[in-house]
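Chemist: Each chain is listed here by its residues.
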Amino acid sequence: MNAAPDVPAKDAQDERLEPRLQGALREMLTSNWLVTVAALLLALIVSGVLIAAADEDVHTTASYLFARPTDFLSAVWNSVWHAYVALFQGAIVDPTASTFAKAVRPLTETMTWSVPLILAGLGLAVGFRAGLFNIGAQGQIILGAVFGGYIGFAFGLPPVLHLLLAIIAAALGGAIWAGIAGFLKARTGANEVIVTIMLNNIAVYLVAYLLTTTAFKREGSNNPQSPPIDSTAIYPRLLGDDFRLHAGFLLAIVATVFVWWLMDRSTLGFQFRAVGANPSAARTAGININRIYLLVMITSGALAGLAGSAQVLGTEKVLTAGVAASFGFDAITVALLGRSKPLGTFLAGLLFGALRAGGFAMQSRTGTPIDIVLVVQSLVVLFIAAPPLVRAVFRLPSPGRRQQISPTPAPVTKEAAA
Amino acid sequence: MKLELRGITKRFGTLVANDHIDLVVEPGEIHALLGENGAGKSTLMNVLYGFYDPDEGQILVDDQPVTFTGPGDAMAAGIGMVHQHFMLVPVFTVAENVVLGYEPTTSGGLIDLPEARRRVKEISDRFGFDVDPDAMVEDLPVGAQQRVEIIKALSRDAKVLILDEPTAVLTPQETDELIAIMRQLKAAGTSIVFITHKLREVRAVADRITVIRRGKVVGSADPQSSETELASLMVGRSVSLGVDRAAAQPGEVALQVRDLTVLDEAGVRQVDGISFDVARGEIVAIAGVQGNGQTELTEVVLGLQPALAGSVTLDGKELLGRSVKEVLTAGVGFVPEDRTEDGIVADFSVAENLILDLYDTPAFASGISLDPAKVRANAEQRTVEFDVRTPSVDAHAGTLSGGNQQKVVLAREMSRPLRLLIASQPTRGLDVGSIEFVHKRIVTERDSGTPVIIVSTELDEVLDLADRIVVMYRGRIVGTVDASAATPDRDVLGLMMAGVPQEEAVKQAASHHTVLGEADIEAAEEESE
Numbered sequence: 001m002n003a004a005p006d007v008p009a010k011d012a013q014d015e016r017l018e019p020r021l022q023g024a025l026r027e028m029l030t031s032n033w034l035v036t037v038a039a040l041l042l043a044l045i046v047s048g049v050l051i052a053a054a055d056e057d058v059h060t061t062a063s064y065l066f067a068r069p070t071d072f073l074s075a076v077w078n079s080v081w082h083a084y085v086a087l088f089q090g091a092i093v094d095p096t097a098s099t100f101a102k103a104v105r106p107l108t109e110t111m112t113w114s115v116p117l118i119l120a121g122l123g124l125a126v127g128f129r130a131g132l133f134n135i136g137a138q139g140q141i142i143l144g145a146v147f148g149g150y151i152g153f154a155f156g157l158p159p160v161l162h163l164l165l166a167i168i169a170a171a172l173g174g175a176i177w178a179g180i181a182g183f184l185k186a187r188t189g190a191n192e193v194i195v196t197i198m199l200n201n202i203a204v205y206l207v208a209y210l211l212t213t214t215a216f217k218r219e220g221s222n223n224p225q226s227p228p229i230d231s232t233a234i235y236p237r238l239l240g241d242d243f244r245l246h247a248g249f250l251l252a253i254v255a256t257v258f259v260w261w262l263m264d265r266s267t268l269g270f271q272f273r274a275v276g277a278n279p280s281a282a283r284t285a286g287i288n289i290n291r292i293y294l295l296v297m298i299t300s301g302a303l304a305g306l307a308g309s310a311q312v313l314g315t316e317k318v319l320t321a322g323v324a325a326s327f328g329f330d331a332i333t334v335a336l337l338g339r340s341k342p343l344g345t346f347l348a349g350l351l352f353g354a355l356r357a358g359g360f361a362m363q364s365r366t367g368t369p370i371d372i373v374l375v376v377q378s379l380v381v382l383f384i385a386a387p388p389l390v391r392a393v394f395r396l397p398s399p400g401r402r403q404q405i406s407p408t409p410a411p412v413t414k415e416a417a418a
Numbered sequence: 001m002k003l004e005l006r007g008i009t010k011r012f013g014t015l016v017a018n019d020h021i022d023l024v025v026e027p028g029e030i031h032a033l034l035g036e037n038g039a040g041k042s043t044l045m046n047v048l049y050g051f052y053d054p055d056e057g058q059i060l061v062d063d064q065p066v067t068f069t070g071p072g073d074a075m076a077a078g079i080g081m082v083h084q085h086f087m088l089v090p091v092f093t094v095a096e097n098v099v100l101g102y103e104p105t106t107s108g109g110l111i112d113l114p115e116a117r118r119r120v121k122e123i124s125d126r127f128g129f130d131v132d133p134d135a136m137v138e139d140l141p142v143g144a145q146q147r148v149e150i151i152k153a154l155s156r157d158a159k160v161l162i163l164d165e166p167t168a169v170l171t172p173q174e175t176d177e178l179i180a181i182m183r184q185l186k187a188a189g190t191s192i193v194f195i196t197h198k199l200r201e202v203r204a205v206a207d208r209i210t211v212i213r214r215g216k217v218v219g220s221a222d223p224q225s226s227e228t229e230l231a232s233l234m235v236g237r238s239v240s241l242g243v244d245r246a247a248a249q250p251g252e253v254a255l256q257v258r259d260l261t262v263l264d265e266a267g268v269r270q271v272d273g274i275s276f277d278v279a280r281g282e283i284v285a286i287a288g289v290q291g292n293g294q295t296e297l298t299e300v301v302l303g304l305q306p307a308l309a310g311s312v313t314l315d316g317k318e319l320l321g322r323s324v325k326e327v328l329t330a331g332v333g334f335v336p337e338d339r340t341e342d343g344i345v346a347d348f349s350v351a352e353n354l355i356l357d358l359y360d361t362p363a364f365a366s367g368i369s370l371d372p373a374k375v376r377a378n379a380e381q382r383t384v385e386f387d388v389r390t391p392s393v394d395a396h397a398g399t400l401s402g403g404n405q406q407k408v409v410l411a412r413e414m415s416r417p418l419r420l421l422i423a424s425q426p427t428r429g430l431d432v433g434s435i436e437f438v439h440k441r442i443v444t445e446r447d448s449g450t451p452v453i454i455v456s457t458e459l460d461e462v463l464d465l466a467d468r469i470v471v472m473y474r475g476r477i478v479g480t481v482d483a484s485a486a487t488p489d490r491d492v493l494g495l496m497m498a499g500v501p502q503e504e505a506v507k508q509a510a511s512h513h514t515v516l517g518e519a520d521i522e523a524a525e526e527e528s529e
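Protein sequences appear in the order of chains A and B.
Residue numbering for the first sequence is 1 to 418, as defined by this note's numbering.
Residue numbering for the second sequence is 1 to 529, as defined by this note's numbering.
There could be a bad hint or two in this list.
[What the hints assert, rightly or not] Only some residues are given here: those of chain A computed to face chain B with a beta carbon under 10 Å:
| id | residue |
| --- | --- |
| 1 | PHE258 |
| 2 | TRP261 |
| 3 | SER266 |
| 4 | ALA277 |
| 5 | ASN278 |
| 6 | SER280 |
| 7 | ALA281 |
| 8 | ARG283 |
| 9 | ALA285 |
| 10 | ILE287 |
By construction, these hints were calculated from the structure, which means they are not laboratory data.
Using N, Cα and C, we set each Cβ at its ideal position, and we do this for glycine too.
The shape of chain A in the complex, shown without the other chains (with noise of 0.2 Å):
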């Protein structure tokens, strides 16, 4: 093809990761919000299916199907009922509780577990709809979380601006991690998956090791943990001491509204949207596009370190080497549920908060092993990444493009057609 672009290092080693990739990346963000809701319900169906099948009653009575049945599906209907009910109530609402403040301290609950969520995720949706494959955000956290509680516990400053500090530091972590595969990325056209991937074990074990040092360890502990954030640099609660909510669910808040004046309103995310489009087009038209995918790295990168102060300055409030559980991994399904879209994915940030945050009721008082949860999320996406499936299942319309049988051109013909 005669078109040669001046990235070659690029172009030889994407050719055919990339076109799979972006392909199934545009196929999640295209298809709409029934499909979301209709793929959301089908994983809570199947993984019914799970919990029904997990249950010792269901087992007991299966034995006996065939003398009496309505045992079996009594049993089945209880299980799955119940955890479920469970589930809600220990994430929005708990209408047994005994007072006011523990009735609602669940959904208090699920917000604070969705601002990590949240913030990775905006920060992964950012790189998504740039067309790069942000896959780092474990990493990203972890070092955000690491700048950010170096700075609370190691500095002493007034209030204010120790928190302030802290939660700039974080954003600069994450950047500076996400920023490495960006810039690998302009630079050399390395994939940014493979290298993102790659600095999440980096920062694993640099967190591990770190946790070894004298600057980061607690004297006199022998777990790896850091020193205790200093209480100038905690983000404050919002609802008083008897709940986690921290104001880090404000700055979610805060992210969310940015991000989406970042991508549809300013020059600049209209470049980073030109880019993930089409960066042929981009480029012709007169964009840097490899100076793009450094800045769109680190923006999301930032979102991310964003998410590591929640963690380190709001909910654990010291340094461990499982701060960021796994927030990162989690971030990527809420920013394909939110569709990459701002509004989506906090919206998506605060289910999948409710769910972890269900998840522990539920496992309490039905004995429903958390990891559920885990399996509705991973269903979520597979369907989500599957809307030909879920359309078939509730018999959705298909969108209404037009059937092509497009002759896919063999690449001689390219050459000759071009």
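Since chain A is already given, all that's left is putting chain B on it; use the hints.
Modeler: Just chain B now, with coordinates in the frame of chain A:
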């Protein structure tokens, strides 16, 4: 074999792609299916070839109704298709490609390659195709690849051959050879359905012409009809072919290209030391077969590719070594040759596409914040000015027809003061109406004093628009032809595009005219009478 389509209707949702189409192809005739892009020609042929089920209607072969559930059935019934994009495996030999899917096997279950070669050779000899069965397909020129496709169809005993836009990828001389092949096949009793939107070819080769517009058969014509008649039938209104334009008033030289050399990634010289000038108020066409360095030339000027040596100055200022952004800001308007790939962002709205390279200008942004109201207002105005047919300025550009997409690109590039306009393949894949419009706008731009470079592989377009024609072959300039002096000889240009030096080309053309060239001369004589 007689092939008949009766009342074929194919709908896609609310769109009726084929509306009760009747078509009869008699044995041994060349039947041209003429229509604009999107008229429903390809859908019809996909129905005929078994890709689509018709919603209504029947296909009859020798007066017997048949149903095809896939291309296999169609092939078995004696229908062969040569797609516009060839269906060949580049790293297979000709023989392997021809038998692919129908491999003759030896008793051990292995492919019987000698038999495959024999089949290719037999057909190749019968029609004088001159194709080596053992040649690797990727090494063959496009015209030869097309012949491989034809052999493939014939080897499966095709009695009706469908050729989908077969000349789109050929040089004038290759087109001439194809026409000869079509006539031979016809003489041997094969019917040919010839899908095209090129009027000249239709007149030269078809026995009967069926014109399709918006999914309906709007009439049939005989090959004696004039091009204007055919065009009017095809478009549904009277059209003026060719461009009404005054002679150029070239001013001072604005663009100077000197000894420009460009290497591709493999180190091959795609542009090899070329020099030419473009003056204000003139249109210079870079003519040539695709892949002779024109793409690289335009991309280097825009800053998309680096040059090895040479200089490109616009109004005395060097363009080489600058970023795309700087070149655009210097007043270069650029219409890329691959509109969907480089010209528009399909997932962006029309309004966004109209500011793709202007988003950061004060007209649309204050600081780093875009002004949606201004973007919208601009889009409303531009779409009217450039007659972009879109449901709204918020519609995704990808949903527009090719012609309207191209108008969006033109509207964008012409919405700032230009010091140079470069348009590559400005009308590729467009319908007659859009071509008229685009050509008119380009001439208007020229008349306002802008130097214009047109890169085109279409001789018709080159002859219509150019004030001067620079013919490129293998990265070099074969010659420059003054288009204003006299009607340039299409055969001379065709030979030059094949690399024959100008003087030699004039000699050769005088001794042997191509079918289309003769048609040109006849037309000119008729006019003068």
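Chemist: Compare the structure with each hint and give your call.
Modeler: Against the structure, the hints come out as follows:
no. : hint   : verdict
1   : PHE258 : 13 Å, violated
2   : TRP261 : 8 Å, holds
3   : SER266 : 5 Å, holds
4   : ALA277 : 4 Å, holds
5   : ASN278 : 4 Å, holds
6   : SER280 : 5 Å, holds
7   : ALA281 : 5 Å, holds
8   : ARG283 : 7 Å, holds
9   : ALA285 : 4 Å, holds
10  : ILE287 : 8 Å, holds
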